[in-house]
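S.K.: Protein chains in written order, with my numbering: chain A, 1 to 83; chain B, 1 to 83; chain C, 1 to 153; chain D, 1 to 153.
Honestly, the hints are just simulated from the structure, not real lab data.
Check before you lean on any hint, since a few could be wrong.
[Said to hold, decoys possible] Below are the SDA-like pairs computed for lysine to any residue, each with C-alpha atoms no more than 20 Å apart in a straight line:
id: 1; chain 1: D; residue 1: Lys137; chain 2: A; residue 2: Cys55
id: 2; chain 1: C; residue 1: Lys124; chain 2: B; residue 2: Glu11
id: 3; chain 1: B; residue 1: Lys10; chain 2: C; residue 2: Tyr82
id: 4; chain 1: A; residue 1: Lys2; chain 2: D; residue 2: Lys118
id: 5; chain 1: D; residue 1: Lys118; chain 2: A; residue 2: Val62
id: 6; chain 1: A; residue 1: Lys12; chain 2: A; residue 2: Asp60
id: 7; chain 1: B; residue 1: Lys10; chain 2: C; residue 2: His100
id: 8; chain 1: A; residue 1: Lys10; chain 2: D; residue 2: Gly130
id: 9; chain 1: A; residue 1: Lys10; chain 2: D; residue 2: Gly54
id: 10; chain 1: C; residue 1: Lys137; chain 2: D; residue 2: Gly54
[Unchecked claim] Heads up, incomplete: computed chain D residues facing chain C, CB under 8 Å, no partners named:
id: 11; residue: Thr23
id: 12; residue: Val28
id: 13; residue: Val32
id: 14; residue: Phe105
[To be verified] Each pair of labels, with its calculated beta carbon distance range:
id: 15; chain 1: B; residue 1: Ala30; chain 2: C; residue 2: Arg68; range: 34 to 40 Å
id: 16; chain 1: D; residue 1: Arg84; chain 2: B; residue 2: Asp60; range: 50 to 56 Å
id: 17; chain 1: D; residue 1: Ala43; chain 2: A; residue 2: Thr27; range: 47 to 53 Å
id: 18; chain 1: D; residue 1: Met1; chain 2: B; residue 2: Gly42; range: 53 to 59 Å
Keep in mind that this is a model prediction, so the values were computed, not measured.
All residues carry an ideal CB built from backbone N, CA and C; glycine is no exception.
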Amino acid sequence: MKILYFAWLKEKTGVSEEDIHLPDGVTDVAGLVAWMKGRGPGFAEAFTDEAVVRCAVNQDHVDGAHPVTDRDEVAFFPPVTGG
Amino acid sequence: MKILYFAWLKEKTGVSEEDIHLPDGVTDVAGLVAWMKGRGPGFAEAFTDEAVVRCAVNQDHVDGAHPVTDRDEVAFFPPVTGG
Amino acid sequence: MIRVQEHDFDPGAEIAQLTVGNTAIGGVCSFVGLVRDFAGDGAVHAMTLEHYPGMTERQLEAIAAEARRRWPLDATLVIHRYGRLEPGDRIVLVACASAHRDAAFEACRFLMDWLKTKAPFWKKEESADGARWVEAKASDDEATRKWAENKDG
Amino acid sequence: MIRVQEHDFDPGAEIAQLTVGNTAIGGVCSFVGLVRDFAGDGAVHAMTLEHYPGMTERQLEAIAAEARRRWPLDATLVIHRYGRLEPGDRIVLVACASAHRDAAFEACRFLMDWLKTKAPFWKKEESADGARWVEAKASDDEATRKWAENKDG
């Protein structure tokens with residue numbers, strides 16, 4: 001799956017875009033976020049405050065219960081601040 | 001006094017601008033309109049429907065009771081239709 | 001700034017000029033009015049706008065000043081053409097610059113509503129039936145009345 | 001039309017292009033958003049807009065289509081820049097063309113309110129204290145909510 005990070009999520013994780021295999025046991029966005037927290041200090045810090053992390057799957061805003069598959073484009077970003 | 005006519009008042013009277021002496025006995029706009037009606041067929045027709053003739057004295061909208069003097073600029077025109 | 005002129009204008013250049021050197025401005029709301037090819041029930045081939053030179057400028061200055069009193073504006077611009085115009089031609093440009101977009105939008109709309117009803121212009125439309133002077137519309141008067149009622153709002 | 005681009009744009013040319021060949025259009029309401037030299041309590045030296053390519057365009061297309069459903073519009077245009085911008089630089093242009101000025105004004109304001117709150121852009125401001133990511137504002141969310149409530153109006 002393709003994962004994108006924007007704004008301070010990109011800065012804290014140090015990653016703007018990556019391709020990963022769907023981790024074992026992960027079936028939804030909440031599961032993916034929990035897995036992210038265990039990837040290291042940068043990821044743990046980026047995903048600490050789940051209330052401000054937004055997620056889009058295939059470019060649609062979704063909540064934690066949304067399913068994820070290996071073919072999805074998943075993006076993590078803070079609340080948008082507009083133009 | 002200077003008199004200006006706009007739109008169909010100009011077309012019906014055949015005059016766009018003229019200088020006249022304040023007619024004897026005329027002291028206000030209503031008196032001036034009454035005098036206008038007697039100036040000939042074009043003027044009579046232009047001023048027939050007083051309800052649609054607007055007047056400005058020195059570039060301010062006024063009603064029939066407004067005084068007029070020999071030093072005024074008086075304009076007659078239909079209701080404005082905007083841009 | 002107020003201009004009443006026969007010749008055309010360049011909206012982009014005018015809007016850009018309005019904000020030069022003032023980086024407190026967050027945005028410019030503008031409206032460009034064009035001659036439509038219809039009016040009410042019929043086709044319009046052209047129209048001629050007549051105005052009262054002197055009184056027009058005075059009234060436009062006054063309404064622009066009123067807009068600046070009502071809203072926090074950094075700049076206002078009104079350009080209005082007169083003479084003979086054809087469908088697609090620009091008639092009017094109103095632009096309001098402000099730190100706040102709500103103020104820019106509301107002031108621009110206020111000025112346009114006023115211009116469409118109260119500015120001393122008279123319109124003669126040319127159609128297949130010949131030319132005729134347009135009569136004032138009640139719906140436009142209502143738009144202006146709405147602003148009068150909100151005077152303290 | 002929707003464009004998300006790094007380079008500047010020419011509002012006058014864009015507005016003129018929007019109405020070419022359509023003489024049923026009575027006017028174009030437009031809004032040009034500029035970078036201000038302040039935000040909240042402090043001076044801003046520059047800002048950088050980041051966005052989500054692909055999702056941004058999809059969302060802008062969708063909101064422009066929504067505007068065309070709600071109001072009788074002949075044309076809509078949204079141009080939004082990304083990248084590093086300095087005070088006075090243009091950020092965004094929204095233009096709505098319609099036979100009716102009310103529709104043009106309301107649609108333009110609707111689109112601007114949406115863009116300021118919902119478009120997937122993230123803003124980093126540079127001030128004397130360094131650079132920081134801007135947090136979403138509650139007041140802008142309210143402006144968008146107002147439109148949601150008026151959905152059937």
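S.K.: May I ask which of the numbered hints given earlier this structure violates, with the numbers listed in increasing order?
M.R.: 4, 6, 7, 10
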